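Going down the list, the protein sequences come from chains A and B.
Take this note's numbering: the final residue in the first sequence is number 300, and no numbers are missing along the way.
Take this note's numbering: the final residue in the second sequence is number 615, and no numbers are missing along the way.
It is worth saying that the hints were derived from the structure and are not from the lab.
Just so you know, these numbers come straight off a predicted model, no measurement behind them.
Where a beta carbon is used, it is the ideal one built from N, C-alpha and C, also for glycine.
There could be a bad hint or two in this list.
[Unchecked claim] In silico contact screen, one side only, chain B against chain A (beta carbon under 7 Å); selected entries: (1) S371; (2) F445; (3) I449; (4) I453; (5) V526.
[Unchecked claim] Stretch-level coverage of chain A by chain B, calculated; a stretch enters the list once three of its residues show a Cβ under 8 Å from a Cβ in chain B: (6) 89-99; (7) 129-136; (8) 142-154; (9) 219-230.
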Amino acid sequence: MAQDTAAQFELSGESSRRRGFRYFARRFSRDKRAMLGLVIVAAFALSALLGQLAAPYDPSAQAYELLEPPSIGHPLGTDNLGRDVLSRIIVGARISMVVGISTVALAASIGIVLGVAAGYYGGWIDMIVMRLIDVLWAFPNFILAVMLVAIFGLGLANVIVAISLAYVDDFARVIRGMVLMLKEEDFVTAGRAMGSSNRRLMFRHIFPNALPPVIVQASVFVAGAILAEAGLTFLGLGVSPLTPTWASILNDARPFFTRAWWLATFPGLVIMLVVLAVNFVGDAIRDINDVREYGPGVTS
Amino acid sequence: MQRYLIRRFIFSLFAIWATMTVTFIFMRLLPGDPVTTLVGEEGDPAQIEIIKARLGLDQPVPVQYFYYIRSLVTLDLGDSIYLRLPVMDQMVEALPRTLSLSVVSFFAGVAIGLPAGIISAIRRYSVWDHVATFIAFLGLAMPGFWLGILLIIVFGVQLGWLPVFGYMPIGEGVWEWLSRLILPALATGTGFAAILARQTRSAMLEVLSQDYIRTAYAKGMRERVVIFRHALRNGLIPVVTVMGIALAILLNGAVITENVFAIRGLGRLFIDAILGRDYPIVQGVILLVACIFIFMNFFVDILYAVINPRIRYTD
Chain A
1 MAQDTAAQFE LSGESSRRRG FRYFARRFSR DKRAMLGLVI VAAFALSALL GQLAAPYDPS
61 AQAYELLEPP SIGHPLGTDN LGRDVLSRII VGARISMVVG ISTVALAASI GIVLGVAAGY
121 YGGWIDMIVM RLIDVLWAFP NFILAVMLVA IFGLGLANVI VAISLAYVDD FARVIRGMVL
181 MLKEEDFVTA GRAMGSSNRR LMFRHIFPNA LPPVIVQASV FVAGAILAEA GLTFLGLGVS
241 PLTPTWASIL NDARPFFTRA WWLATFPGLV IMLVVLAVNF VGDAIRDIND VREYGPGVTS
Chain B
301 MQRYLIRRFI FSLFAIWATM TVTFIFMRLL PGDPVTTLVG EEGDPAQIEI IKARLGLDQP
361 VPVQYFYYIR SLVTLDLGDS IYLRLPVMDQ MVEALPRTLS LSVVSFFAGV AIGLPAGIIS
421 AIRRYSVWDH VATFIAFLGL AMPGFWLGIL LIIVFGVQLG WLPVFGYMPI GEGVWEWLSR
481 LILPALATGT GFAAILARQT RSAMLEVLSQ DYIRTAYAKG MRERVVIFRH ALRNGLIPVV
541 TVMGIALAIL LNGAVITENV FAIRGLGRLF IDAILGRDYP IVQGVILLVA CIFIFMNFFV
601 DILYAVINPR IRYTD
C-alpha cells in the first residue's frame with residue numbers, strides 16, 4: 001500500500017473545528033440522511049441504556065409459546081425456548097453499543113499516542129512504531145481480530161481488545177500523517193520559540209488540529225467494530241453464549257431457521273439498520289469536515 | 301528502486317517472523333492447554349504428562365520454539381492435536397475450497413459492482429443511480445453471515461434452486477462445483493461489490509467531467525463509443541487499486557461464509573482449531589495468512605510502480 005499517509009487526507013483551508021460547533025450542527029441538521037441516521041442511533045443508544053427496563057418481557061424468561069410467529073403479544077415472535085425476541089434484541093443493543101464505543105475509544109487512544117509520538121519525534125521512534133504498524137496493516141482488520149482472539153482467548157474484554165488492536169494501525173497512520181504535516185506549520189515553530197515543552201506542543205498545539213480526520217476515522221470505525229463483534233460472536237469467538245447479543249440470537253437460532261423466519265430475519269435486520277445509521281452519520285461528519293478519503297483501509 | 305525492493309523484502313520476512321513468534325509465545329503464555337481439553341478436567345495427571353511429553357509440550361517454551369523453527373525450515377508444521385494429521389496436509393486439503401470460494405466471489409463481486417458503478421455514473425441521479433446507491437449502502441451494512449442465512453432460506457430451502465451445504469471438487473464436474481459455490485459467493489461478494497460500485501461511480505464521474513470527454517461528445521461521437529473507448533479506460537485506473545484489497549475483503553468474508561455454508565476450507569479449519577485450542581493448526585494458519593498478505597502487499601507495491609511509471613519508490 002502507498003507509504004505516504006499524509007496524502008491520504010486532505011484538509012481544506014479551514015476545518016470545521018475552527019468554524020465551531022454551531023457551523024457543524026447547522027450543516028449536519030440540513031443533511032436528511034444524517035439526521036435519519038442520528039435518530040436511529042439515538043433510539044438504539046436509548047435501548048442500550050435502559051436495557052431490560054425498555055423490554056416488554058424478561059429477555060431470559062421462558063414460556064410455553066415456543067417458536068411463535070410475530071403477533072400482537074410478541075411483535076417479533078418467540079424463540080425455541082419461548083423467549084420474546086423483541087426483548088432479547090432490546091437488551092442485546094447494550095453489547096453492540098459497549099463494543100462499538102469502547103473499541104473506538106481504545107483504538108483511538110493507542111493509535112493517537114503511537115501516531116503522535118512517531119510523527120513528532122521521527123527518527124528511531126518513528127521507525128519502530130511504523131514497522132509495528134506495518135505488520136498490523138498487512139492484515140485485513142477482521143482476520144486480524146480473529147487472529148488476536150485466537151491468541152488472547154474468548155470473552156467480552158478480549159473481544160474488545162482484539163477489535164481495537166486490529167484497528168490501531170488505521171488510527172496511527174492517519175494521525176502520524178497529520179502530525180508530519182502540522183509540525184512544519186508556523187504556529188508550532190512559534191510555540192517552540194516561546195519555550196513550550198514537547199508534550200505541550202504535541203498535545204496542545206498539534207493534536208487538536210490533527211483531530212478532524214481522527215473523528216472521521218472513528219465514525220467509520222464504529223460501524224466496522226459493530227460488524228466485527230457480530231461476526232466474532234456468530235463464529236462462537238465472541239461474548240459468552242448466555243448473554244443475548246444480536247449475533248448470538250442469530251447463532252442460537254440456526255437449527256430453527258427453516259421453521260422460524262422471524263428468528264433469522266430480525267436480529268440481522270437490526271444489525272444492518274444500526275450499521276447503516278452509523279454510516280450515514282459518519283458520511284455526514286466526513287463531508288462537513290471536508291476530509292477526502294483515498295485508498296483502502298478506510299472502508300474495510 | 302532496487303534498494304527499496306530489497307529493504308521491503310527483508311521487512312516482509314521480518315514481519316512474518318514477528319507474527320509467527322508473537323503467536324507462538326502468546327499461545328503458550330495464556331491459560332487453557334489443549335491436553336487438558338482433550339483428556340478432560342478429571343483426567344489422570346500421569347496420563348496428561350505422557351501425552352504432553354509425546355507432543356513436546358513438557359519442554360520449556362524456548363526449547364519448544366527452537367524445535368518449531370527447526371521443523372519449519374523443512375515446511376513441517378507439526379501434527380494437529382486432535383486428528384493427529386500433519387497440519388500441512390490439512391491446510392493443503394482446505395486451501396482449494398477457500399481459493400474456489402474467493403475466486404467465484406471475486407467474479408460475482410466484479411460482475412455486480414462494476415456495471416452498477418458505471419451505470420450509476422453515466423445516468424447520475426437517475427432511478428438506476430438511486431437504486432444502485434441504496435443497494436450499495438445495504439451491502440456495506442449487511443453482515444455477511446446474515447446475508448448467507450437469508451440466501452439459504454430463500455434459494456436453498458424455499459425455492460430449492462441450489463444446494464446450500466458443502467463443497468465438491470471441480471474434478472466432479474464444473475456445475476457440481478459451481479452450484480455449491482454460488483450462494484456462498486454471493487454472501488461473500490456483496491460487500492466487495494458495494495465497495496467496487498461506489499469506487500467505480502466516483503472514478504467514472506471524475507473522468508466524465510473532463511474536457512476530453514466533452515470534446516469527444518462535441519465531435520459527434522456516439523455515447524457508447526465515448527463511454528467505452530474513452531471514459532472507461534481512464535476511469536478504471538483507480539478501480540484497479542481497489543481490486544488490490546479484494547483478496548483481503550474476500551478472505552475476511554470467507555472465514556464467516558465457510559462457517560455458514562459448512563465448507564471445510566481454511567477459515568473453518570482455523571475457527572475450529574481456535575475453539576479447540578489446537579495450537580499447531582492455529583499457528584500454521586496464522587503463518588500461512590501472514591505469508592499471503594505480507595507478500596501480496598509487497599507485490600501490489602511493485603505492481604503499482606509497473607502500472608504507473610510515475611511512482612518511484614525511494615528510501
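Evaluated hints:
Given the 7 Å rule on beta carbons, the hint for B/S371 is violated: about 21 Å separates it from the nearest Cβ of chain A. Interface restraint check for B/F445: the shortest CB-CB distance to chain A comes to about 5 Å, inside 7 Å, so the restraint holds. A least Cβ separation of about 5 Å between B/I449 and chain A falls short of the 7 Å threshold, and the interface hint therefore holds. Proximity of B/I453 to chain A holds as hinted, the smallest CB-CB distance being about 6 Å (cut-off 7 Å).
Annotation: B/V526 was flagged as interfacial toward chain A, and the flag is violated, the nearest CB pair being 27 Å apart, outside 7 Å. Three residues within the 8 Å Cβ limit are the bar, and the segment 89-99 of chain A against chain B gives 0, so the coverage statement is violated. Check result for the segment 129-136 of chain A against chain B: holds, 3 residues qualifying (beta carbon to beta carbon below 8 Å, three or more required). For the segment 142-154 of chain A, the stated coverage by chain B holds: 9 residues have a C-beta nearer than 8 Å to a C-beta of that chain, and at least 3 were required.
Here the segment 219-230 of chain A counts 3 residues with a CB under 8 Å from a CB of chain B, which clears the bar of 3, and the coverage holds.
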